[in-house]
Amino acid sequence: EDKVVQSPLSLVVHEGDTVTLNCSYEVTNFRSLLWYKQEKKAPTFLFMLTSSGIEKKSGRLSSILDKKELFSILNITATQTGDSAIYLCAGKDGGATNKLIFGTGTLLAVQP
Amino acid sequence: KAGVTQTPRYLIKTRGQQVTLSCSPISGHRSVSWYQQTPGQGLQFLFEYFSETQRNKGNFPGRFSGRQFSNSRSEMNVSTLELGDSALYLCASRLNPGAQGNTIYFGEGSWLTVV
Numbered sequence: 002e003d004k005v006v007q008s009p010l011s012l013v014v015h016e017g018d019t020v021t022l023n024c025s026y027e028v029t030n031f032r033s034l035l036w037y038k039q040e041k042k043a044p045t046f047l048f049m050l051t052s053s054g055i056e057k058k059s060g061r062l063s064s065i066l067d068k069k070e071l072f073s074i075l076n077i078t079a080t081q082t083g084d085s086a087i088y089l090c091a092g093k094d095g096g097a098t099n100k101l102i103f104g105t106g107t108l109l110a111v112q113p
Numbered sequence: 256k257a258g259v260t261q262t263p264r265y266l267i268k269t270r271g272q273q274v275t276l277s278c279s280p281i282s283g284h285r286s287v288s289w290y291q292q293t294p295g296q297g298l299q300f301l302f303e304y305f306s307e308t309q310r311n312k313g314n315f316p317g318r319f320s321g322r323q324f325s326n327s328r329s330e331m332n333v334s335t336l337e338l339g340d341s342a343l344y345l346c347a348s349r350l351n352p353g354a355q356g357n358t359i360y361f362g363e364g365s366w367l368t369v370v
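Heads up: the sequence lines are chains L and W, in that order.
Under the numbering used here, the first residue of the first sequence is numbered 2, with each subsequent residue one higher.
Under the numbering used here, the first residue of the second sequence is numbered 256, with each subsequent residue one higher.
Be aware that a few hints might be false.
To be verified - Within a straight-line C-alpha distance of at most 30 Å, the following computed DSSO-like cross-link-like pairs (lysine-lysine) qualify:
{"no.": "1", "chain 1": "L", "residue 1": "58", "chain 2": "L", "residue 2": "68"}
{"no.": "2", "chain 1": "L", "residue 1": "38", "chain 2": "W", "residue 2": "312"}
{"no.": "3", "chain 1": "L", "residue 1": "68", "chain 2": "W", "residue 2": "312"}
{"no.": "4", "chain 1": "L", "residue 1": "38", "chain 2": "L", "residue 2": "69"}
{"no.": "5", "chain 1": "W", "residue 1": "312", "chain 2": "L", "residue 2": "42"}
{"no.": "6", "chain 1": "L", "residue 1": "42", "chain 2": "W", "residue 2": "268"}
{"no.": "7", "chain 1": "L", "residue 1": "38", "chain 2": "L", "residue 2": "4"}
{"no.": "8", "chain 1": "L", "residue 1": "41", "chain 2": "L", "residue 2": "57"}
{"no.": "9", "chain 1": "L", "residue 1": "41", "chain 2": "W", "residue 2": "268"}
{"no.": "10", "chain 1": "L", "residue 1": "68", "chain 2": "L", "residue 2": "38"}
{"no.": "11", "chain 1": "L", "residue 1": "68", "chain 2": "L", "residue 2": "4"}
{"no.": "12", "chain 1": "W", "residue 1": "312", "chain 2": "W", "residue 2": "268"}
{"no.": "13", "chain 1": "L", "residue 1": "41", "chain 2": "L", "residue 2": "4"}
{"no.": "14", "chain 1": "L", "residue 1": "58", "chain 2": "L", "residue 2": "41"}
{"no.": "15", "chain 1": "L", "residue 1": "69", "chain 2": "L", "residue 2": "57"}
{"no.": "16", "chain 1": "L", "residue 1": "42", "chain 2": "L", "residue 2": "4"}
{"no.": "17", "chain 1": "W", "residue 1": "312", "chain 2": "L", "residue 2": "4"}
{"no.": "18", "chain 1": "L", "residue 1": "41", "chain 2": "W", "residue 2": "312"}
{"no.": "19", "chain 1": "L", "residue 1": "58", "chain 2": "L", "residue 2": "4"}
{"no.": "20", "chain 1": "L", "residue 1": "57", "chain 2": "L", "residue 2": "38"}
{"no.": "21", "chain 1": "W", "residue 1": "312", "chain 2": "L", "residue 2": "69"}
Everything labelled a hint here was simulated from the structure, so no lab data went into it.
None of the values given here were measured: they were computed from a predicted structure.
Using the sequences and the hints, build the whole thing.
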């Protein structure tokens with residue numbers, strides 16, 4: 002059965018800290034891995050990773066995929082209180098269904 | 256252009272009742288998926304519709320059903336509500352299920368509380 006596991010489940014840091022969120026996956030016909038940020042409402046898209054070893058970067062956020070070890074990490078440097086959110090990771094099945102399998106998310110709280 | 260729109264945003268139902276949630280996808284998007292989000296289980300896939308046909312279905316009981324209309328709007332229905340159905344129900348749209356690199360966009364969700 003397909004599954005995506007995220008760790009840690011939650012963490013609390015102080016502004017300025019750097020955090021690393023982990024996502025491991027077992028997805029049949031794996032095609033890509035996606036990261037989303039969810040604050041109070043709709044998850045918003047962050048990154049889609051398809052190729053192993055190529056870092057995607059957007060400001061203080063970056064992510065990389067390791068297709069051999071079946072995991073991805075999301076890094077946030079110089080965290081701000083506005084980074085507080087649930088970070089969701091999803092594996093995309095590239096077969097006929099082309100569906101997304103989500104992890105339970107990591108709840109990040111950034112304290113001032 | 257407008258994002259994914261879900262209605263109602265919040266609702267409270269009693270056990271045994273049924274509920275219908277509505278989702279309007281981004282204009283031009285023809286695929287609509289539904290997810291249930293709870294603190295313990297995270298985001299769980301319910302089903303996906305494309306061209307008025309259900310393409311995929313998650314592991315939910317038959318009390319959960321859905322449909323899609325010719326204008327791509329979708330509804331999901333939960334019958335005989337149970338306390339455990341209390342959750343945030345998220346709708347997501349994308350252009351179509353087949354294209355690679357197809358970003359999925361979420362609505363703000365419908366918060367359902369069953370008492």
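Hints, one by one, checked against the model:
1. 58/L <-> 68/L: Given that 30 Å is the threshold and the Cα spacing comes to 18 Å, the pair holds.
2. 38/L <-> 312/W: 25 Å, holds
3. 68/L <-> 312/W: Judged against 30 Å, a Cα distance of about 27 Å means the pair holds.
4. 38/L <-> 69/L: This hinted pair holds, its Cα atoms lying about 25 Å apart.
5. 312/W <-> 42/L: 24 Å, holds
6. 42/L <-> 268/W: OK: residue 42/L and residue 268/W at ~21 Å, within 30 Å.
7. 38/L <-> 4/L: 19 Å, holds
8. 41/L <-> 57/L: 25 Å, holds
9. 41/L <-> 268/W: 22 Å, holds
10. 68/L <-> 38/L: 22 Å, holds
11. 68/L <-> 4/L: Judged against 30 Å, a Cα distance of about 15 Å means the pair holds.
12. 312/W <-> 268/W: The given pair, whose Cα atoms are some 25 Å apart, holds under the 30 Å limit.
13. 41/L <-> 4/L: Holds, at roughly 25 Å.
14. 58/L <-> 41/L: 24 Å, holds
15. 69/L <-> 57/L: 18 Å, holds
16. 42/L <-> 4/L: Holds, at roughly 24 Å.
17. 312/W <-> 4/L: 16 Å, holds
18. 41/L <-> 312/W: 27 Å, holds
19. 58/L <-> 4/L: The given pair, whose Cα atoms are some 25 Å apart, holds under the 30 Å limit.
20. 57/L <-> 38/L: 15 Å, holds
21. 312/W <-> 69/L: 29 Å, holds
The earlier numbered hints are all upheld by this structure, with none contradicted.
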